[in-house]
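**Student:** One-letter residues, chain by chain:
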Amino acid sequence: MNTESGTTAVAHRGWLAGAVGAEFSDAALRQVLLGLPGVDQVATNERVAGLATRSIKRDAKLWALTMAVRMVDLTTLEGADTPGKVRDLCVKARRPDPADPAVPPVAAVCVYPDLVRAARADVAGSPVKVASVATAFPSGRASLAVKLADTADAVNAGADEVDMVIDRGAFLAGRYGQVYEEVRAVREACGSAHLKVILETGELATLDNVSRASWLAMLAGADFIKTSTGKVSPAATPVVAHVMLAAVRDFAEATGRRVGVKVAGGIRTAKDAIRYLVIVNETAGPEWLTPGLFRIGASSLLNDLLMQRGKQLTGVYSSPDYYTL
Amino acid sequence: MADTVSTGSGTVPAAQVSWEYAPAPQERDFVTIAPSYGLFVNGEFAPAADGRTLTTVNPATEEPLAEVAVAGPADVDRAVRAARTAYDKVWGPMPGAQRAKYIYRIARIIAERAREFAVLESIDNGKPIKESRDVDVPLASAHFFYHAGWADKLEYAGLGPRPRPLGVAGQVIPWNFPLLMAAWKLAPALAAGNTCVLKPAETTPLTALLLAEVCQQAGLPEGVVNVVTGAGETGAAVVAHPGVDKVAFTGSTEVGKQILAASAGSGKKLTMELGGKAANVIFEDAPAEAAVEGIVNGIFFNQGHVCCAGSRLLVQESVADTVLERLRRRLGTLRLGDPLDKNTDIGAINSREQLDKIRDLSESGEAEGARRWSPPCQLPGRGYWFPPTLFTGVSQSHRIAREEIFGPVLSVLTFRTPEEAVAKANNTPYGLSAGVWTEKGSRILWMAQRLRAGVVWANTYNRFDPASPFGGYRESGFGREGGRHGLEGYLNA
Amino acid sequence: MPDKRSTTRTRTAKSPAAATGPGAPDGRLAVRKTYKLFIGGAFPRSESGRTYQVRAAGDATVNVARASRKDVRDAVAAARTAVAKWSGATAYNRGQVLYRVAEMLDGRAAQFAAEVEAAEQVGSAQASALVDAAIDRWIWYAGWPDKVAQVAGGANPVAGPYFNFSVPEPAGVVGVVAPPESSLLGLVSVVAPVIATGNAAVVVASQDRPLPAITLAEVLATSDVPGGVVNMLTGLRGELAPVLAGHMDVNAIDVTGVGHDGRAELERLAAASVKRVFAAGEDWTAPPTPRRMLAFLETKTVWHPMGM
Numbered sequence: 001m002n003t004e005s006g007t008t009a010v011a012h013r014g015w016l017a018g019a020v021g022a023e024f025s026d027a028a029l030r031q032v033l034l035g036l037p038g039v040d041q042v043a044t045n046e047r048v049a050g051l052a053t054r055s056i057k058r059d060a061k062l063w064a065l066t067m068a069v070r071m072v073d074l075t076t077l078e079g080a081d082t083p084g085k086v087r088d089l090c091v092k093a094r095r096p097d098p099a100d101p102a103v104p105p106v107a108a109v110c111v112y113p114d115l116v117r118a119a120r121a122d123v124a125g126s127p128v129k130v131a132s133v134a135t136a137f138p139s140g141r142a143s144l145a146v147k148l149a150d151t152a153d154a155v156n157a158g159a160d161e162v163d164m165v166i167d168r169g170a171f172l173a174g175r176y177g178q179v180y181e182e183v184r185a186v187r188e189a190c191g192s193a194h195l196k197v198i199l200e201t202g203e204l205a206t207l208d209n210v211s212r213a214s215w216l217a218m219l220a221g222a223d224f225i226k227t228s229t230g231k232v233s234p235a236a237t238p239v240v241a242h243v244m245l246a247a248v249r250d251f252a253e254a255t256g257r258r259v260g261v262k263v264a265g266g267i268r269t270a271k272d273a274i275r276y277l278v279i280v281n282e283t284a285g286p287e288w289l290t291p292g293l294f295r296i297g298a299s300s301l302l303n304d305l306l307m308q309r310g311k312q313l314t315g316v317y318s319s320p321d322y323y324t325l
Numbered sequence: 001m002a003d004t005v006s007t008g009s010g011t012v013p014a015a016q017v018s019w020e021y022a023p024a025p026q027e028r029d030f031v032t033i034a035p036s037y038g039l040f041v042n043g044e045f046a047p048a049a050d051g052r053t054l055t056t057v058n059p060a061t062e063e064p065l066a067e068v069a070v071a072g073p074a075d076v077d078r079a080v081r082a083a084r085t086a087y088d089k090v091w092g093p094m095p096g097a098q099r100a101k102y103i104y105r106i107a108r109i110i111a112e113r114a115r116e117f118a119v120l121e122s123i124d125n126g127k128p129i130k131e132s133r134d135v136d137v138p139l140a141s142a143h144f145f146y147h148a149g150w151a152d153k154l155e156y157a158g159l160g161p162r163p164r165p166l167g168v169a170g171q172v173i174p175w176n177f178p179l180l181m182a183a184w185k186l187a188p189a190l191a192a193g194n195t196c197v198l199k200p201a202e203t204t205p206l207t208a209l210l211l212a213e214v215c216q217q218a219g220l221p222e223g224v225v226n227v228v229t230g231a232g233e234t235g236a237a238v239v240a241h242p243g244v245d246k247v248a249f250t251g252s253t254e255v256g257k258q259i260l261a262a263s264a265g266s267g268k269k270l271t272m273e274l275g276g277k278a279a280n281v282i283f284e285d286a287p288a289e290a291a292v293e294g295i296v297n298g299i300f301f302n303q304g305h306v307c308c309a310g311s312r313l314l315v316q317e318s319v320a321d322t323v324l325e326r327l328r329r330r331l332g333t334l335r336l337g338d339p340l341d342k343n344t345d346i347g348a349i350n351s352r353e354q355l356d357k358i359r360d361l362s363e364s365g366e367a368e369g370a371r372r373w374s375p376p377c378q379l380p381g382r383g384y385w386f387p388p389t390l391f392t393g394v395s396q397s398h399r400i401a402r403e404e405i406f407g408p409v410l411s412v413l414t415f416r417t418p419e420e421a422v423a424k425a426n427n428t429p430y431g432l433s434a435g436v437w438t439e440k441g442s443r444i445l446w447m448a449q450r451l452r453a454g455v456v457w458a459n460t461y462n463r464f465d466p467a468s469p470f471g472g473y474r475e476s477g478f479g480r481e482g483g484r485h486g487l488e489g490y491l492n493a
Numbered sequence: 001m002p003d004k005r006s007t008t009r010t011r012t013a014k015s016p017a018a019a020t021g022p023g024a025p026d027g028r029l030a031v032r033k034t035y036k037l038f039i040g041g042a043f044p045r046s047e048s049g050r051t052y053q054v055r056a057a058g059d060a061t062v063n064v065a066r067a068s069r070k071d072v073r074d075a076v077a078a079a080r081t082a083v084a085k086w087s088g089a090t091a092y093n094r095g096q097v098l099y100r101v102a103e104m105l106d107g108r109a110a111q112f113a114a115e116v117e118a119a120e121q122v123g124s125a126q127a128s129a130l131v132d133a134a135i136d137r138w139i140w141y142a143g144w145p146d147k148v149a150q151v152a153g154g155a156n157p158v159a160g161p162y163f164n165f166s167v168p169e170p171a172g173v174v175g176v177v178a179p180p181e182s183s184l185l186g187l188v189s190v191v192a193p194v195i196a197t198g199n200a201a202v203v204v205a206s207q208d209r210p211l212p213a214i215t216l217a218e219v220l221a222t223s224d225v226p227g228g229v230v231n232m233l234t235g236l237r238g239e240l241a242p243v244l245a246g247h248m249d250v251n252a253i254d255v256t257g258v259g260h261d262g263r264a265e266l267e268r269l270a271a272a273s274v275k276r277v278f279a280a281g282e283d284w285t286a287p288p289t290p291r292r293m294l295a296f297l298e299t300k301t302v303w304h305p306m307g308m
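Protein chains in written order, with our numbering: chain A, 1 to 325; chain B, 1 to 493; chain C, 1 to 308.
It cannot be assumed that every hint is accurate.
[As the list claims (entries may be wrong)] Part of the chain A face toward chain B, derived, beta carbon under 7 Å:
hint, residue
1, ALA43
2, ARG47
3, THR53
4, ILE56
5, ARG58
6, ALA60
7, ASN281
Worth flagging that the hints you see were computed from the coordinates, not collected in a lab. Just so you know, even glycine gets a beta-carbon here, dropped at the ideal spot from N, CA and C.
Please model the complete structure; the sequences and the hints are all you need to start from.
**Tutor:** And the structure:
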């Protein structure tokens with residue numbers, strides 16, 4: 001039982017209470033959140049465009065591709081999912097490339113709560129974790145009681161990690177206290193499982209909102225902040241990732257606690273993945289270049305990583321036919 | 001503190017592997033550098049009359065690149081007369097729509113040969129390929145494109161129904177943006193109907209000579225553009241020549257004053273774009289991440305070899321410590337090295353002379369009591385290099401707060417109130433540019449109104465566009481380049 | 001083998017259309033072009049399936065699409081979709097795209113000259129001169145996007161601590177009734193100024209001389225002009241112009257191509273949506289002025305206090 005999360009929440013409550021006083025009212029939280037430094041959209045776009053000119057070659061590229069594989073949360077979140085589908089996913093997750101045992105397993109598989117038990121069985125004996133979405137994913141439109149029951153289902157079925165969604169309607173309506181309280185309650189319900197908080201940046205509209213939602217989630221005890229459910233477009237973008245990575249960096253500076261970042265949705269190519277790693281490296285810092293602090297939620301990305309890795313090692317361009325589903 | 005760091009998923013080793021980006025060199029074979037170059041006069045390349053040459057060097061390696069002709073008085077005279085003939089017989093009488101077509105061609109050819117120009121610029125100047133490729137060359141092409149469109153629209157420039165060109169323009173440009181400065185000079189002059197004698201800087205002649213080749217390729221009539229390479233004496237000869245109607249100079253204030261004195265009474269029209277010591281003002285409510293980028297961009301872009309560089313950071317005292325901490329951390333990610341490596345952020349200093357000046361002024365900074373800091377930086381063995389440097393505890397009376405260093409050296413001062421910021425920012429004989437960082441719109445406009453600078457960047461820095469007029473107040477010069485206002489310098493209006 | 005005649009500037013008696021006539025001199029049967037509409041970047045036939053006949057070179061007749069009111073509807077929808085991106089592009093980008101169009105026009109000058117010769121029944125030298133003038137006119141407009149705001153906008157010195165500036169913005173979707181007789185020069189003169197500033201156009205081409213308009217559409221389709229920015233409709237002016245004039249999602253309309261008699265009706269139809277209506281008699285050979293751009297620009301004025 002990890003009491004560290006409980007202690008963390010208390011510590012942050014203290015920090016926050018110092019900032020807003022004893023009342024965690026919407027108005028008080030608004031003052032704190034709106035008091036964060038503004039995020040300039042044009043400047044952010046330019047910074048990210050500059051980082052995209054980094055040219056990663058040879059050893060550096062091979063390192064990045066292998067690290068990216070280790071950071072993948074291999075995901076299936078479809079209405080049509082079955083235990084069979086989950087089994088295929090888990091086998092792939094444990095051994096992404098049967099032809100090359102040097103390829104490490106991915107970080108985790110990510111499934112709906114009612115398939116956690118099946119996934120648990122299929123990854124048993126491997127380092128691959130089981131992450132489950134929860135809290136009325138993807139919309140988040142349900143009562144707190146339903147969300148907590150959803151979380152409990154996942155945790156009781158053996159999920160190592162829980163990916164929750166924040167209530168975007170509440171956030172956009174300024175009910176920051178409600179958002180805070182939901183995250184805090186779910187974190188408590190997670191127990192020893194670690195909590196990723198999905199901000200759904202595509203619905204937050206402004207980078208200032210992304211920054212504020214990041215801080216709100218972290219103050220409420222998030223272990224990871226995550227960009228998207230992948231069900232809404234736009235999902236992850238390098239620009240929101242940069243804002244979130246700056247937020248976790250500043251949060252670590254202010255509180256001493258490092259929160260991770262997960263980007264999810266629309267990341268299909270190895271080139272994209274490497275771009276994100278550059279942003280991690282030059283925004284949050286090299287300390288975040290580890291699966292413990294950075295994840296990529298994806299499905300088809302994995303084979304592109306393997307193909308590019310193959311090309312780096314053999315010198316010739318590969319074909320999807322040589323990589324298993 | 002333990003060797004491990006705790007995160008939500010357990011602990012990870014505190015010592016992380018740092019991810020070394022492998023060298024990513026830009027291929028050099030895009031460009032062929034000839035062993036020697038002549039002057040470009042009247043549509044042809046030819047050696048100087050007395051055969052004199054100078055050697056241009058790659059500042060990142062100190063390797064000699066080529067011999068370049070040094071134009072003597074006879075050559076300058078020949079060039080001016082070629083320009084005069086071309087003006088009288090061909091370019092002056094030519095309808096604007098036709099001039100436009102030639103200038104459009106030049107713009108398009110630069111864009112077609114963009115990579116060649118970028119590689120050559122980085123080799124001759126020392127600036128990172130990332131900058132020459134993404135900033136210098138595209139802007140140069142854009143400059144020609146924008147001005148081409150004015151050639152047949154001069155009656156709409158706000159200068160009267162029939163503005164006429166001045167004649168022959170003598171143009172002397174610096175080494176910090178060799179191709180771009182050539183574009184800034186030639187494009188408006190040609191669009192307005194003038195012909196040109198251009199004198200590139202001594203240490204960076206090669207892209208100007210490639211541009212001359214482009215003029216040939218575009219079929220530009222002979223004598224319309226002439227390029228006379230050489231050093232200070234050549235430049236002096238160009239601006240002093242009685243056949244020159246217009247003198248346009250970009251360079252140091254010191255040389256600018258000499259030119260002004262020498263041109264006194266000559267009746268020549270003048271544009272001067274001289275030095276600066278811009279204040280980059282950061283208020284406590286500045287967008288934090290953007291402001292740090294703006295500081296970095298302001299002084300380390302192009303190794304600080306920028307007349308409008310934000311070389312004085314004026315940070316509001318209440319946030320000075322936080323801003324500086326963020327800045328130092330950000331400076332740690334800057335990559336200094338081979339200009340042709342695509343990942344290089346900071347290239348070489350252009351020459352031994354410039355390096356000595358930067359060192360000299362930096363030493364004065366320490367001697368006068370400011371605190372010096374640089375991120376850990378591996379300087380290559382050969383070539384001219386200077387690490388990004390910060391001086392804190394600087395006040396207005398320090399030399400490093402008053403004199404233009406023209407290198408990657410930032411002097412940090414503080415202020416308490418907006419009025420104090422304005423007073424400090426304006427407390428200089430220069431007046432080229434300034435930066436203002438704050439989320440408050442009213443304050444941006446209030447500051448812009450009060451800052452005595454020809455260019456004010458708010459929540460951004462070092463932004464250039466052919467449509468945007470550029471130029472300074474007081475000892476930063478007079479006249480504007482770019483935009484509708486920039487045409488005025490080349491027209492008799 | 002590419003048809004060399006369309007890439008050289010020399011005049012030949014054999015224009016592409018002439019080779020379609022009976023007993024073609026060289027014995028080779030030409031591949032005849034189908035003349036379609038240009039909507040949303042694609043070349044559909046009229047949804048009505050109707051065509052009308054127009055005389056081409058060598059007394060051949062060709063079938064040209066006869067656009068219907070539904071085609072007008074589709075064209076307006078395509079234009080509306082295109083406006084956001086086109087007006088959102090930088091002025092520099094629009095200028096470059098327009099210049100690229102001029103490059104493509106120049107490459108096809110011989111083809112255009114042959115079509116103008118046939119359409120306007122002028123000699124080949126005159127046709128060449130008209131085509132050259134049209135290309136040069138287009139280039140004149142290509143140089144305007146990045147300058148209009150400097151000429152038509154600016155800071156206003158109001159009496160108070162306010163920064164006040166006016167910027168010209170494109171009106172949106174503009175209907176254009178092209179001149180009936182000047183099949184290329186007149187056409188270019190009414191289309192280029194509309195799109196240079198960021199508007200999208202729905203053009204009713206000359207009813208009797210539509211072929212150069214269709215070739216112009218082909219040029220636009222190969223020139224980086226986004227689909228929907230220019231939509232070219234051929235057909236009967238009397239059927240199409242009133243639909244455009246009455247369409248509630250068209251912001252402005254240029255009715256120069258409609259004779260004086262027909263304008264009142266169009267102005268009446270336009271009144272229901274307070275459409276801006278522009279008409280100007282033109283000598284297309286005279287040098288242009290900025291007024292055709294200004295006519296389709298709205299001026300937005302912004303205030304902001306200046307204070308510490």
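**Student:** It remains to establish, for every hint, whether it holds in the given structure.
**Tutor:** Cross-check of the supplied hints:
Annotation: ALA43(A) was flagged as interfacial toward chain B, and the flag holds, the nearest CB pair being 3 Å apart, inside 7 Å. Residue-level restraint check for ARG47(A) holds (minimum Cβ-Cβ distance to chain B is 5 Å; threshold 7 Å). The interface hint given for THR53(A) holds, since its Cβ lies 6 Å from the closest Cβ of chain B, which is under the 7 Å cut-off. Of the supplied interface hints, the one on ILE56(A) holds, with its beta-carbon coming within about 6 Å of a beta-carbon of chain B, less than 7 Å.
A least Cβ separation of about 4 Å between ARG58(A) and chain B falls short of the 7 Å threshold, and the interface hint therefore holds. Because the closest C-beta pair between ALA60(A) and chain B is about 4 Å apart, less than 7 Å, the hint holds. Interface hint at ASN281(A): satisfied, since its Cβ lies 6 Å from the closest Cβ of chain B, which is below the 7 Å cut-off.
No hint from the list above goes unmet by this structure.
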